[in-house]
Amino acid sequence: MIALLVNLVLALFAITVVHVTNHTLVHEFAEGQPQSAYHYIVPFTDNHESSYFTFRERWRAGDLPEIVGVVPVIEGNLEIAGRAIPLIGIDLISDLHASFDLGDTQPQTATQLVTQDSVVAFGNDLANTSFPNHIKVLELHSGEQSLLLADIATAQNLLGRMGEIDAAWLRNNHEPAWGWLEHVFPGITSGFGFTLPELSLADFDIKPMAVWQPTQAFAGSIAFNMGLLGLLAVLVSGFIVYESTVRSIERRTQEFNRLQTIGVSVLQIRSVLILEATALVLFSVLIAAILAFVFLQHSDLISKVPKATFLVATSKGLVLGLSTALIGVILAFTREVRKLAWIVLVFGVVLAVAMLCFGIWMTTTLVGAYLAVLALCVLHIVVLTPTIMRFLDALVSRIIPKSLISRINVRAMWQHLKQAKFAVVAFSLAIATAIGITLMVGSLRTDFFELLDARLPPGVQVREASSVDPAIIRQWAGVEEVREYFRGEGNLSIGKTDVIATSLDEFEARRYGYEYETDRVGVYVNEKIASQLQVQVGDELELKLPDLTPINLPIIHIFKSYGDVSRVVLLPKNQVPASLLVRDRVLLIVHPDSFADVERKLQETYPSATVLNHREIRERAVQIFNRTFALTYLIALIAVVVAVIGLFNAALAMQSAKSSEYRLLNTLGFSRLALFRQSFTQSLLLGVVCCSLSVPLGIGIAWLLCELVNPRAFHWTINLHVAPMTLGYPLLLGMSAAAVASVLPWFFISNNPK
Amino acid sequence: MVIHVQGVGKKFPDGKGERWVIDDVSFKIEPHQATVIRGPSGVGKTTLLKLIAGLIRPDKGEITVHLKDSSVPTSLNLLKAGELLRFRRDHVGFVYQFFNLVPTLTVQENVLLPLALTKREHLRERALDRLQQLGLSALLNAFPAQLSGGEQQRAAIARAVAHEPQFLFADEPTGNLDGGNSAEVFKLLWDEHERLGTNLVVATHSDDVSAYVARTIQLT
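Order-wise, the sequence lines are chains A and B.
For what it's worth, the working numbering labels the leading residue of the first sequence as 147, then goes sequentially.
For what it's worth, the working numbering labels the leading residue of the second sequence as 2, then goes sequentially.
Errors might be hidden in some of the hints.
Partial chain B-side listing against chain A, Cβ under 7 Å, derived [stated by the list, open to error]: (1) Phe95; (2) Val103; (3) Thr105; (4) Ala117; (5) Trp191.
Chain A is faced by these chain B residues, among others (derived, beta-carbon under 8 Å) [as the list claims (entries may be wrong)]: (6) Leu56; (7) Gly83; (8) Leu86; (9) Arg89; (10) Arg90; (11) Phe100; (12) Asn101; (13) Pro104; (14) Leu106; (15) Glu110; (16) Leu113; (17) Leu114; (18) Pro115; (19) Leu118.
These are calculated hints, taken from the structure and not from any lab test.
Virtual Cβ for every residue (Gly too), placed ideally from N, Cα, C.
Using the sequences and the accompanying hints, generate a full structural model.
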């Protein structure tokens, strides 16, 4: 009973911790920015206040009924302690229902921001920064990204851009239908490919906020992975609770037989067991909730435990604990179900194979991809694992080690492996999913860093560069090359696309990973277009410019654009009338010694432009990615730990059942050390077999995530890189758990083996 | 005299305190003697057997044994853990009431295990012959779970004497068997004692064994 209680508490503890951590991290990703409450953005290309007023007038007249709030925004950089810190100015009183994540004292802080010409600073890096006297910092909030937030008038003043507005953020009242699912499995809906409806208003270009904040696409991807891991933690915990319940009931068979001989019916026994299980689950939930709360409060995983989320997590654990324990009670007495197992098996295999084929070849939908992942797991449970077990069974009975001690070890391991099959399945499934997800994220990291290296050559980028004159910049000392990028828009058969016009020469080919051919004229499209239009290199792209001029050019390259949620076409500048383009960016290749000078000169000459150093952009991207990476590992670790607890329990049960054997061996002359070697070897062998079972499934899941799930959810492809280190870490963890599991029983039994 | 037990006592935790399970027991066993320890349940027969087999140590008193290859008596009290282990491995054969065989080894492997541990591989043929004599030749490759209770005890006796120990101890060896099997097991133990010249000590409350043994130690 105590073992069952411990198992329940551990499983429920894991569910609560994973849910709360996941929810908090996903919340931080999605809402850790001042614009989090807004869904769309309208950039004003002329930066004039009048554009904003025109837009607002039309909105108030009812042109955009979906929109319920509008906030004007200005952005730029302020030089603080030698660093360019982004400043966002917003009109805090234009949309009173919005929240800008200003902490617990939001109304008071917002009022002070409006009345005191001050800023709120976000970012851990700014904690020890000395601000110039003219910048009054009202509050400092923690956060990974450095950012200053001010009232729009203060920001205009600090940036020296009086009367200018860059954009407006728009808030709609759209409550997604899948919101409830997000509460149960935080992050899981990010990969469902749900998108906001496109909004249009003549003369204005309304875009989803994610376009303005590209890292959100990555955040979505990571949130999705965390959601999957949360789902896995629940699944594995369910296995553990079920296994413990069934084992506990099996241990009491003699007691139940006696009860039946004195006339107690199976129904009565079952009722008592259900009552016992319910009481035990309720008690376990209480202990697990207390332990999880204390753990979360004192760990560095999250800064604060959100009460509502904690309650949802506890309820989730309660529902799972009750349902799995009850299923365990019912199935432990239902022999008929076991007799039907082969029918279920055949049906399951046929269904899983059909689902796998359908998901991979017969559909391009995300649901199909999920079905394929599910089918692979089912096939692992009902086909691969039993087949490997049967193969090993045949192998173990044929391979007879010379040493009798080795024979004992191999056979004992095998016997217990068969007994603990549920724990083995749960463990291998959890390890496999952890392997799959870490392999996928590791592969994404490799590809993304390669992309950053190619796309960001040493240089400086100027955004909102309409006023920039490249001819002047070319004259500056240290500037080796100046490249211009013009932005426009076009229409494809599937909807709007961003158009970037530039010189598609050898330099650009290198940036986009294309092997340049001098005489080949065509366009580059990003993977989102290729995926949605189902086109390949060589196909002709039919693009219509806003003036309805058709452009039909062959696709000569499909490029990766991780984090970019828009469709993007890159085409030679001479193919588009200049009147339809705005100079959006200028890229400067600068001699390393002149970086600082050129940056300063750019800031002085073009105060309304945003100057970004490629090195800093890369560092920031790497920082964001590494942070999300650390989180993925952390959540994967928690999920694996849940599985490890299952294996530990199995190994513990295996060793605890050996007290009579240890007594006999001790009588025959086995020392404590020899008994420990026995116990350790058997548990380690159990761990090796379990871990080995998880490797093929892990690689399979990684392949499906790279080839199906990610392309269908986020429209980007990932080349699968199977890194031995990524494989090694969950395997090492699993085998360590099995090894540790051998120590405790050995300690108790070998101290008193008689 | 081959075993000398002098004023031996052993206590075990009992609820809040400790209880002497046996207290101040003394007796001698002469070479090649077959002895039975008798007494009602809970009187400490098993404890006494484990004490003289070197499986546990006494809390008071002394146990000495005279080994064949030694000219002086050996005090089990003074042996270090490793030495006591070697004493058990080399000189003791033990038959329990239950769970006498390693479940993951076949009958033949179980019998050969003490030979492997004591490096007495030269006794292999003799041990296998004994299995045949015990009527277990058809079950050499069977696992313990496939044997009946009587077959398991016969295999256990074969294993206990395989390395030809100087002492053969049996703790309620027939407690789990019916009358026919019980008598057969006692006869086997006696035969092995006679054939190998071992000292046989049996803890039991069965009367069947009395026909075979010369000496009875009654615990009360």
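Hint by hint, here is what the structure shows:
no.	hint	result
1	Phe95	holds, 5 Å
2	Val103	holds, 6 Å
3	Thr105	holds, 4 Å
4	Ala117	holds, 5 Å
5	Trp191	violated, 22 Å
6	Leu56	holds, 5 Å
7	Gly83	holds, 7 Å
8	Leu86	holds, 5 Å
9	Arg89	holds, 5 Å
10	Arg90	holds, 3 Å
11	Phe100	holds, 4 Å
12	Asn101	holds, 7 Å
13	Pro104	holds, 7 Å
14	Leu106	holds, 6 Å
15	Glu110	holds, 6 Å
16	Leu113	holds, 7 Å
17	Leu114	holds, 5 Å
18	Pro115	holds, 6 Å
19	Leu118	holds, 5 Å
Of the hints listed earlier, the one the structure fails to meet is number 5.
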